[in-house]
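**Q** Sequence:
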Amino acid sequence: MNNDISFFMLYAIHWPIRKVAIFFSIVAFLICQPFLSQASDDQIKTLIQDLRSQNSKVSEAAEDALEKMKDPMAVEFLIPIALNEEESPVLRWHVIGILGAIKHNIATQPLLDIIRSTAKTPGDLPYGLFERTIGDLSIRQKARYALANIGTSAVPYLTSALNDNTPIVRKEAAKVLAVIASGTLPSGEHVSSKEAVEVLMNAAKAKNLSIVASAYDFFILKGDKKLEPILVKALQHDGDKDMALSYLNSGNSVLKKAAISWAKANGYNITDSTSFPGGYNPYIRWGGKM
Numbered sequence: 001m002n003n004d005i006s007f008f009m010l011y012a013i014h015w016p017i018r019k020v021a022i023f024f025s026i027v028a029f030l031i032c033q034p035f036l037s038q039a040s041d042d043q044i045k046t047l048i049q050d051l052r053s054q055n056s057k058v059s060e061a062a063e064d065a066l067e068k069m070k071d072p073m074a075v076e077f078l079i080p081i082a083l084n085e086e087e088s089p090v091l092r093w094h095v096i097g098i099l100g101a102i103k104h105n106i107a108t109q110p111l112l113d114i115i116r117s118t119a120k121t122p123g124d125l126p127y128g129l130f131e132r133t134i135g136d137l138s139i140r141q142k143a144r145y146a147l148a149n150i151g152t153s154a155v156p157y158l159t160s161a162l163n164d165n166t167p168i169v170r171k172e173a174a175k176v177l178a179v180i181a182s183g184t185l186p187s188g189e190h191v192s193s194k195e196a197v198e199v200l201m202n203a204a205k206a207k208n209l210s211i212v213a214s215a216y217d218f219f220i221l222k223g224d225k226k227l228e229p230i231l232v233k234a235l236q237h238d239g240d241k242d243m244a245l246s247y248l249n250s251g252n253s254v255l256k257k258a259a260i261s262w263a264k265a266n267g268y269n270i271t272d273s274t275s276f277p278g279g280y281n282p283y284i285r286w287g288g289k290m
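According to this note's numbering, the residues represented by the sequence shown are 1 to 290, in order.
No lab work stands behind these hints: they were computed from the structure.
Hints are supplied without guarantee of correctness; some may be wrong.
As the list claims (entries may be wrong) - Below, computed lysine-lysine pairings styled on BS3-like, alpha-carbon distance capped at 25 angstroms:
no., residue 1, residue 2
1, Lys68, Lys45
2, Lys225, Lys207
3, Lys241, Lys194
4, Lys68, Lys120
5, Lys241, Lys207
6, Lys257, Lys207
7, Lys241, Lys257
8, Lys103, Lys70
9, Lys68, Lys57
10, Lys207, Lys233
11, Lys205, Lys225
12, Lys68, Lys103
13, Lys257, Lys233
14, Lys45, Lys70
15, Lys264, Lys241
16, Lys226, Lys207
17, Lys241, Lys120
With the hints as extra help, turn the sequences into a complete structure.
**A** This is the structure in structure tokens:
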């Protein structure tokens, strides 16, 4: 007991000294912080310089280091490179991927601007050419994946983008929201965003056929029979062959019938999953997963 009292008395006597020490520690940190930040800036600049290296081992190591660093300051250096159309498309492609790995929402609007800049090239990149073809389509797809990886914090920006003046931005924003809402991110994480789900369900309630058509993957995964009529109308209003194939192979009889009808009306031959080797179905299933 006496030992306890002695301890607290000693602590009380030394408390003023401790307060002074804490004060000077804080002052020292504030004085040194700019120099610490500058050192970090230099490190980031060196890694970005290494990204430009013709030596693939050097550039890959720099890319890996920037991704693992997850430093918001790096985003400020990387954004101008990603936006600059005069830069090497290959470099931009890798930089966009780094922005997605860092996951800072400050990159969200620039990534949407990158998508807008690709509007002159319509369509989607054919499956399997993602890493082999560097042009507007692969840049746009990489930006979409980066936005999806940013996740929930990107939702407010993506929601605003649904009303953008550029059709491709509206379409890609809806696609990204569908990925974030379904919870299967390109990074391999499985984290569903309630905010993204709410935005898309409100769009369905408002019968916004363009948004439903762009985010149809999410609605198929949702598996709600009440969504069948709006999904059918979305295919008729704003559908394409890929959407029809997804409907055909979704495991939902209503969507399958709509897909067959759409294909016939538009002169397409579409194939169901039984024609794939071993009956394998690469499409999402109604109320299920990939």
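**Q** Now look at each hint and say whether the structure bears it out.
**A** Here is what the structure says about each hint:
no. : hint            : verdict
1   : Lys68 - Lys45   : holds (15 angstroms)
2   : Lys225 - Lys207 : holds (15 angstroms)
3   : Lys241 - Lys194 : violated (30 angstroms)
4   : Lys68 - Lys120  : violated (34 angstroms)
5   : Lys241 - Lys207 : holds (22 angstroms)
6   : Lys257 - Lys207 : holds (21 angstroms)
7   : Lys241 - Lys257 : holds (14 angstroms)
8   : Lys103 - Lys70  : holds (8 angstroms)
9   : Lys68 - Lys57   : holds (16 angstroms)
10  : Lys207 - Lys233 : holds (9 angstroms)
11  : Lys205 - Lys225 : holds (14 angstroms)
12  : Lys68 - Lys103  : holds (11 angstroms)
13  : Lys257 - Lys233 : holds (13 angstroms)
14  : Lys45 - Lys70   : holds (14 angstroms)
15  : Lys264 - Lys241 : holds (11 angstroms)
16  : Lys226 - Lys207 : holds (12 angstroms)
17  : Lys241 - Lys120 : holds (21 angstroms)
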